[in-house]
Amino acid sequence: MGKRQNAPIGEAMSELELAAQEAIAAAGGDAVVALLTALARNAELERELALSRAAVSNGFSRGWHKARP
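Residue numbers for the sequence shown follow the working numbering, beginning at 64 and rising by one.
Hints may contain errors.
Said to hold, decoys possible - Pairwise CB distance ranges, derived in the manner of DEER restraints: (1) LEU81 <-> ALA117: 31 to 37 angstroms; (2) SER77 <-> SER115: 25 to 31 angstroms; (3) VAL96 <-> GLY122: 39 to 45 angstroms; (4) ARG116 <-> ALA88: 30 to 36 angstroms.
The hints are simulated quantities; they were obtained by calculation from the structure and are not laboratory data.
We put the beta carbon where it would ideally sit given N, CA and C, even for glycine.
Let's have the full structure, built from the sequences with the hints guiding it.
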């Protein structure tokens, strides 16, 4: 991703940009707090995914995650 560009006139903002604006608004307008909140949630989801990979076999997940050697 590079420099942010505005949507052309008459086009709606992307869903991702709308979600970013909602997150900043929920953080009281503080972009750093919004980013920290998003990063913390992402870390939680990564931990949950790691736990699910350990609990579910590669065959059951139909190869969705790679088998560990």
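Hints versus structure:
{"no.": "1", "hint": "LEU81 <-> ALA117: 31 to 37 angstroms", "in the structure": "holds (35 angstroms)"}
{"no.": "2", "hint": "SER77 <-> SER115: 25 to 31 angstroms", "in the structure": "holds (29 angstroms)"}
{"no.": "3", "hint": "VAL96 <-> GLY122: 39 to 45 angstroms", "in the structure": "holds (43 angstroms)"}
{"no.": "4", "hint": "ARG116 <-> ALA88: 30 to 36 angstroms", "in the structure": "holds (34 angstroms)"}
Against the hints set out earlier in the document, no violation occurs for any number.
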